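Note that the protein sequences, when read in sequence, are chains A and B.
Residue 32 in numbering that gives the first Met the number 0 is what sits at position 33 of the first sequence, and the numbering runs on without skipping anything.
Residue 3 in numbering that gives the first Met the number 0 is what sits at position 4 of the second sequence, and the numbering runs on without skipping anything.
Where hints are given, some of them may not hold.
[What the hints assert, rightly or not] Result set (DSS-like, lysine-lysine): computed pairs, CA atoms no more than 27 Å apart in a straight line:
1) B:LYS183 to B:LYS115
2) B:LYS76 to A:LYS70
3) B:LYS122 to A:LYS73
4) A:LYS73 to B:LYS2
5) B:LYS377 to A:LYS7
6) B:LYS122 to A:LYS54
7) B:LYS115 to B:LYS76
8) A:LYS70 to A:LYS54
9) A:LYS25 to B:LYS377
10) A:LYS69 to B:LYS377
11) B:LYS2 to A:LYS115
12) B:LYS284 to A:LYS73
13) A:LYS181 to A:LYS25
14) A:LYS54 to A:LYS7
15) A:LYS127 to B:LYS4
16) B:LYS284 to B:LYS2
17) A:LYS69 to A:LYS115
18) B:LYS236 to B:LYS122
19) A:LYS7 to A:LYS181
20) B:LYS183 to B:LYS122
21) A:LYS73 to B:LYS4
22) A:LYS212 to A:LYS25
23) A:LYS127 to B:LYS115
24) A:LYS115 to A:LYS127
25) B:LYS377 to A:LYS212
26) B:LYS377 to A:LYS70
27) A:LYS54 to A:LYS69
28) A:LYS54 to A:LYS73
29) B:LYS284 to B:LYS4
30) B:LYS284 to A:LYS69
31) A:LYS54 to B:LYS115
32) A:LYS115 to B:LYS4
The set of hints was computed from the structure by calculation and includes no laboratory data.
Computed from a predicted structure; not experimentally measured.
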Amino acid sequence: MSTLLELKNVSKIYGDLHALDHVNMKVEKGEWLAIMGPSGSGKSTMMNIIGALDKASEGEILLDGEDIAKKSAKALTNIRRDKIGLIFQQFHLVSYLTAVENVMLAQYYHSVPDEKEALEALERVGLKDRARHYPSQLSGGEQQRVCVARALINYPEIILADEPTGNLDEANEEIVVELFRKLHEEGTTLVVVTHNPEVAEVAQRTIVLRNGKVDHESINPDFTGKIKHITLQ
Amino acid sequence: MNKRKMYIRMITASLLRRRSRMVIALLAIAIGATILSGLVTIYIDVPRQLRAQFRSYGANMLLAATERTFTKEDVDKALAVIPGEEIVGVAPYRYETVRINDRPILAAATDMEGAKASSPFWKVDGSWPASDEEVMVGKNVADTFRLFEGDRISVTYRPEDAGEEDLDNSVDLTVTGILDTGGKEEDYIYMTIAMMEELTGEDRGFNVCEMSIASEQSDLSGYADRISADSSVLDAKLVKRVTQSETTVLGKLQALVLLVTIIVMLLTMICVATTMTAVVTERRKEIGLRKALGASDRSIINEFMGEGLVLGAVGGLLGAVLGFWFAQAVSMNVFNSSISLMPWLLPATMVVSVLVTGIACLIPIRSATDVDPALVLKGE
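The whole structure should be built from the sequences, with the hints applied where relevant.
Dropping the structure here:
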């Protein structure tokens, strides 16, 4: 496996606060990495920096060999559009667009909207029959699945999920993790920020942040990609 | 689906599925466009309306004879210079000194219908002469000879070439009305042209012709110049106290309407800008999401501007229709006459409305591009 993402001595400083403090980290292509840590440990800051939504104060961020740390806002926009798929805890679907239109929105900014392809993406997350529904007509789990379909529609090099199951019940949590497992099987690189140990445990590797630093990391020896506390149907 | 179709789909979805907010924005634009279009209609139509009103103040052009008199044909030739729809009234006058009870009195012969149209402010106690045997007398004349409606008077005329032994010409006429104008007209008696010819025994033409024309002063001056240039017997002049008053009042009224129009336009812009600012503020998360998905600043501007411009066009269309209705209501209530539809005002209102909305949207939309996706998507 080759390295897709590498952080070298990355810091994010707000005044006297070091939200990230000389973090070093690597993510291999096709890897499923979980990032854990208590509140204020720097998880979200790291997510924003990896996701090209924010800039690091110091250090290098190599994405597919290219240092994106010093890129302009416009260049970062292009990187988000072309290389990254984002999944949010609060879903962030456009309320006045249907499920399929929300998926096509990502295509619209990336290249050309293709309704057939967007419907196929929704079919992959089991929502083809809900394609014409608005977010307000979908359950939380369904909204998150639309969010997953939107994240994967442009075949990004890496999918970043920030607390993807934070607003879901156990049944929907299982469905979303199962989707991640399938994506991983297909070779997608996944970085999942979570405070939920059960979600982190299904990843291949887990990094734990504390006070802006990598506290420790662990590799899951029994990696199956399947969540343990629930029985998959 | 291509990008343009998706763009249109996003804009229409945003406008149609977020109705409550958009209806407020649309109302702001439509009301502004209505007043704007209505005021422009009034601005354009007011001169026409007021000119018609001003015609009640009497003739605004006089044709005088350069020599001694001019003929009916000379008047017709002069009228050919003026567009027919602008001619309100034409009254040629022939003046002679006649006698009543051996006292000299000025007699005016004219076309009664023409005089009625060109001098609508004349107040007649009784009625205008309807036949050649009838006469209208000025108030001063009536007072002098104690004449009343229905009285018979004998009017005599002595031709210039009459010999000492010749008798004066004489006609008996019935007084049908007493003319009260408060001016020199009260010193005259008024008879038909045919009766004057019978009394004097000759068709001597006219001394002066009063004309009431509903035109701008510049056009009137042009007509007067052409009539004077084209004819060797006519000298056309404007009645300046009338034409200048008209021009002054019209100018001030139009300036007032223009000022109100500009103020309304500015208020509309402020209103639209405020509404669009509210729209942008409540959609900060959506903007953040779009930016997170890779939307460029240009895309964000295009999308919000597209919504603004569609609102501007629809608001402009509504405004043009309602504006005509508004102007019509004002015209009917103030001038008691209808306004003619100006079809070009529909696209013009839409274009102005789109431009005003576009300008009003610039600042709030610009601020949309400053949204930091990392902050707003975290709910900060």
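request  = Return the numbers of the hints above that this structure violates; sort them in rising order.
outcome  = Those not satisfied are hints 2, 3, 6, 17, 19, 23, 31.
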